[in-house]
Amino acid sequence: MTVRIEVRGAHAATTRGILRNAIALGINELRACTVSRLYFLEENPGAELLQQLCTFLLADPVTESASWDVRPSDKGVHVIEVAPRPGVTDVAARELRRGMQEIGLPDCDVTTGTRYELTGDVTDAQLHLLAEKLLCNATIQHFRIGPIFPQFGAEVVGSGLVEEVSLTRAMDDELLTISRERLLSLDLHEMHAIRDFYIDAGREPTDVELETLAQTWSEHCVHKTFRARINFTHEDADGAVISRTEIDGLLNQYIRAATEAVYPEWLHSAFVDDAGIIAFDERYDLAFKVETHNHPSALEPFGGANTGVGGVVRDILGVSARPIACTDVLCFGPQDFPHAELPPGILHPRRIAEGVVAGVGDYGNKLGLPTVNGAVLYDAGYLGNPLVFCGCAGLLPRGTHPTAAQVGDLVVALGGRTGRDGIHGATFSSAELTHETGETAGSAVQIGDPITEKGLIELIEAARDEQLYTAITDCGAGGFSSSIGEMGEELGVDIELTNVTLKYPGLTPWEIWLSEAQERLVIAVPPARLARLQELAARWDVDVSVLGRFTGDRQLVVRYADRIVADLPMGFLHDGLPRRKMEAVYTEKKIEDWKIEDWVSGNGWSDKTFTPSSLQSSIFNYENLLLALLRHPSIASKESIVRTYDHEVRGGTLVRPFTGPGMDGPTDAAVLKPLGTWEHDDAFVLSNGINPRLGLCDPYAMAVSVIDEAVRNAVAVGADPDRIAILDNFCWGNPTYPDRLGALVRTCQGCYDGAVAYGTPFISGKDSLYNEFNGKPIPGTLLISAIAIAPEMSKVVTSDLKAPGNRLYLLGETRAELGGSLLFAHLGLEGGIAPAMPADPLTRYRALHGAIRGGLVQSCHDLSEGGLGVALAEMCIGGRLGAEIEMERLIIEDWIYKLLPWHKEDADSESLPPNLQSSIVNLFSLFSESNGRLLVEVAPEDADAFEQRFEDDVALALIGKVVDAPYLSIRSGGQALTQLPIETMLGAWSGEIQWRGQHDRES
Amino acid sequence: MKPSVLILHASGTNRDGEAARACELAGGAPEILHLNQLREKRERMAGYDALLLPGGFSYGDALGAGVRWALDLQTYFHDQIHAFVDSGKPVLGICNGFQVLVKAGVLPGQRNGGPGMTNDELPNGESLARTGMLGEIGTRRVTLTENAQGRFECRWVHLQVNPGAAAGWLGPLDELIFCPVAHGEGNFQVKDQAALDELTARNLVAFRYVDDNGNPAGGRYPLNPNGSAADIAGICNARGNVVGLMPHPEDHVIAIQNPLRRADRSGLALFRAFIHTA
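Heads up: the protein sequence lines correspond to chains A and B, in order.
Counting the first sequence from 1 gives a position; my numbering is that position plus 306.
Counting the second sequence from 1 gives a position; my numbering is that position plus 8.
Just so you know, not all the hints are guaranteed correct.
As the list claims (entries may be wrong) - One-sided excerpt, in silico: chain B residues whose CB lies under 7 Å from chain A:
hint	residue
1	N44
2	R47
3	H86
4	D87
5	T151
6	R159
7	N221
8	N223
9	G227
10	P230
11	D259
12	A263
13	P267
What the hints assert, rightly or not - Pairwise CB distance ranges (calculated):
hint	chain 1	residue 1	chain 2	residue 2	range
14	B	G227	A	F458	41 to 47 Å
15	A	E1136	B	E32	58 to 64 Å
16	A	E772	B	G227	49 to 55 Å
17	A	G1111	B	E183	37 to 43 Å
18	A	R450	B	D205	44 to 50 Å
19	B	G96	A	T804	51 to 57 Å
20	A	P640	B	D87	36 to 42 Å
21	B	A263	A	E566	40 to 46 Å
The hints are simulated quantities; they were obtained by calculation from the structure and are not laboratory data.
Quick reminder that beta carbons are idealized off the backbone N, C-alpha and C, glycines included.
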């Protein structure tokens, strides 16, 4: 008989987050909500043993009580109970079962759940709404109003079943139907290639073979778009053709070509493996990889982000490195988006954000990896399709990563068991999301189990050091079909599927072969090393199964109980995919969409009304503008998110996400010292650049700007500009539309030009395409992540102002570049000129780095979104010190003036009064987002030495000083533009967006 | 001879590496062993001069922080751990290690005069004798539970040693310790006021959260980062050889780790005292 155990807190704690989210759903009647935990045992061990179980394992004797009867709910109390669907990873149930065995209870199946007791005058319909929108995610859970019926195990369906698919005589429409119904995501050309292969072979494919081909040929696995031949047409804003180009693959022509062009001697591996590798010191290399997990996170935010971290950590294990730090960059829809306007089929962006943040933190924290660098952006374009970029850096002794399996080596799977989870992840991520995706692709979502992965980390490090394997790869998208298929490409493999350890019975052969169950790796093990590997695996609690061997016949043979269920030549599997031909068009945006004259007159002014006071109360109220930008969700403090990540574990975080006496000022990049390398002074830096708003204005400018941003962030904390490597992560819409692909082409062209100009090789990257919801694409988004070396860790610099009397320099010239800026977004303006690549950026960064190494820099901060104004405010907030700035000292590019009407030949400059002219210049100066700029704090006694480090042609301007006063004062000539108290800026920056988890409690 | 320190690793332990480094810098000879290695009986706790249970997420903290490891300790290592504690050698539990010692009933420990329930107070008429060696888990009166703000948090805090603590070996720590907390279940709570009074009266409070001048945090967040009763950050047993604390002194053992770029208030002092007393 099933037993139900309920564990409740001794002091009923109500969950504020749920009440708040209920109100957002339009349910104002909820008064209180308490949460308790449920455990179900399939067999009743008797009251005495149950008592022991509760006392020792389930209920804390100080704060909780347990009962094992269905408690009748109190009058006026509604009950919703939620439980995981069968087969969903449930670590608590597993640990409970192990604990029961340890105590000596009879073994039986167990499962868990959550009980919500809701007080208030709510209707049945409202209860269902709460359950569906807030408490239960149908992708992984089920719920009941009232006590839930637990579901043990998984339903058993026929196993060993292999189907033949009739392909050789299928017509085109039938081929497409097969592709669609089996979620193969293959187009007609690709289906033709497969059909023709089987016509030649004189037989029909098995489902195992067809699924294997679809996974191996998926966009996710082979990057069809990035390898395609593209006819690219570049048009000006009026539609006139500027150029037509034939592109021989975006990856080859732009990304890899840039790496080839700059290839520095410290680059050890780019694009050939699961992660890129650079030299760290004499003994060690650093590996770095960033992945996306967008579609899973849209459907099940916690699990999607959780397994996103897990996946990228395994990429690092896949190059035999020990993972040592994580990064995360997140793009969400507006958090205050009205529930009523939310399209059906998507989760509210707030729920997505809460789940994703919790999922990222949970995995990294439990693995003991510091999550040290990232960004969070909010834009309506991500409403139906959030972006979740997970990054991981690792350390490996040079030359210890083996990459050559030998004939006779065993194919060995390590880690998690295989279930029906995550099937079709690779093809699912290569299709667009629609409001029905959640229902059809639920199985593509998985829940992570970080403790199993932690065991893998320990085991791989030990096995690597004892040279127990000859090749290794992550088991990610496509499962075994893709990892073993890839590993065996040169030699061929023979696999027995009944050797796979399953979570539960009943999986068909193709499901076992494709399952994307988490926390698995595949390695090649010489038979003589197997026993030692098994010994180490037992120590670290890692499951090992021997699946087959490397044969040498270049054939993929898969068996189920000795019966052959797939038999494919590796040559066709890996080289049979026809290369795509695609069309791309890019049409330049109109810069003149934004005319300053129109804008001024649009604000209702005539030339008679420009008085100093009218300007102050108008759009030229710099104080209000600056505060509004500080309050903008993309700028405002992310402390409430970042504090939930452990950024200190491993004891090597030297520059952390926060700085200054209040430990709340933002930093530009993370500096890390790997454990085990403290005998020398080198550290390394992680930074990133991302700016999708720029991409909407000019995708080429976005690419060069985010490369500059990643580089200048790294340089700002002390990275050597000649030791920076970068990763590219593209998240784009459906590339079969020529306009989407055209913008992608321009972005790749910017990537090439940027990487070559900055001398930063791409060492790894990833593209996630088809990010569309109901036919609307996300803003094309390029994330550049940088990994760099900071020699002399004692010289690293943070952004908080350090001491009154110090001088403030602005490095780099300011241009009239407000296109795609945060200011324009705030004002609702379009058009304008997007930031270009600065002239000779490396010269200034090298000079700055020399000054940092010389100990001449007290603080340094880069200028990015919100320009000079926001950067100054952040430095004041971080240091709790004021600054006095004189705008007239700024070095401004000549052509800034040419944009202004009184400098145009055909304009009547007399029509604009001088105070308006200077107001416009000040607006550009304060908020322009020109690249290549940093603010630098220098002690007066170091000023001469500092200035001497910069050649005369480098734009360096002394613009003010740090003061022992609690305000930021900005003047222009004789006129005071702002005098903002630090407290006011801090309030705007940190106060408005208070991120709160759903499970906030108030006792 | 450098004192040997056994650092235990349960599946999910993750701050063992930096704990080992801190012990080394303090003059000790640390060795990290997985519980499975200890169960293979090749090594015995008794062969070491000191024992350290480091931070992490043992077994994912799936049934509450430290609960499963505490069960391991009581079922597989009951005699060894109690013999080690009774021998008077030092034992240090940090974060998850502290949670394990509390949930296993080793801290504050009833055998040596810590507060525990009497037979009468046991639920459902259980008796200490009947519950056997698991009894110490069910009868404890202190715990570490979910942070008051309901989520995991990572931030730097100031700690002060209780100068009168039964753990006299902490005496040399006259300076504050500045180091991070990183936990979701670090909220130290007691069954009732009597349990708290007893902890105080018997000098079992080892560390308290304070502000940067050493004034009591007084429950103010974030000085007291998790809502702990009486600002308690760490406790000890009556004999004083077992100490546990939530914050991570092992993450601040040299000046460059200090986010305020100051040279003082290092956590290394705690490890020096630990190794010195071993």
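Supplied contact hint for H86/B, tested at 7 Å Cβ to chain A: violated, 12 Å
Okay, P640/A versus D87/B on CB: inside 36 to 42 Å? Taking Cβ atoms as reference, P640/A and D87/B lie about 60 Å apart, which means the hint is violated.
Hint validation: N221/B versus chain A, beta carbon distance must be below 7 Å. Holds or violated? violated, 14 Å
Could you check if P230/B really has its C-beta closer than 7 Å to a C-beta on chain A? Where the cut-off is 7 Å and the nearest Cβ of chain A is about 9 Å from P230/B, the hint is violated.
Per the CB criterion, is D87/B less than 7 Å away from chain A? Cβ of D87/B sits 16 Å from chain A, so the hint is violated.
Does D259/B meet its interface restraint, that is, does its C-beta lie within less than 7 Å of any C-beta in chain A? Holds - the Cβ of D259/B comes within 7 Å of chain A, reaching about 4 Å at its closest.
Assuming the hint says 49 to 55 Å, is it satisfied by the Cβ distance from E772/A to G227/B or not? With Cβ atoms ~51 Å apart, the hint holds.
With respect to the beta-carbon atoms only, verify the hint that G227/B and F458/A lie 41 to 47 Å apart. holds, 45 Å
G227/B was flagged as interface toward chain A. Is the shortest Cβ-Cβ separation under 7 Å? violated, 13 Å
Restraint outcome when A263/B is required to lie within 7 Å of chain A by C-beta distance: violated, 9 Å
Take the shortest C-beta to C-beta distance between N44/B and chain A; is it under 7 Å? Where the cut-off is 7 Å and the nearest Cβ of chain A is about 5 Å from N44/B, the hint holds.
Hint says 58 to 64 Å; check whether the CB-CB distance for E1136/A and E32/B agrees. holds, 60 Å
Violation of the numbered hints given earlier is confined to hints 2, 3, 4, 7, 8, 9, 10, 12, 17 and 20; the remaining hints are satisfied by the structure.
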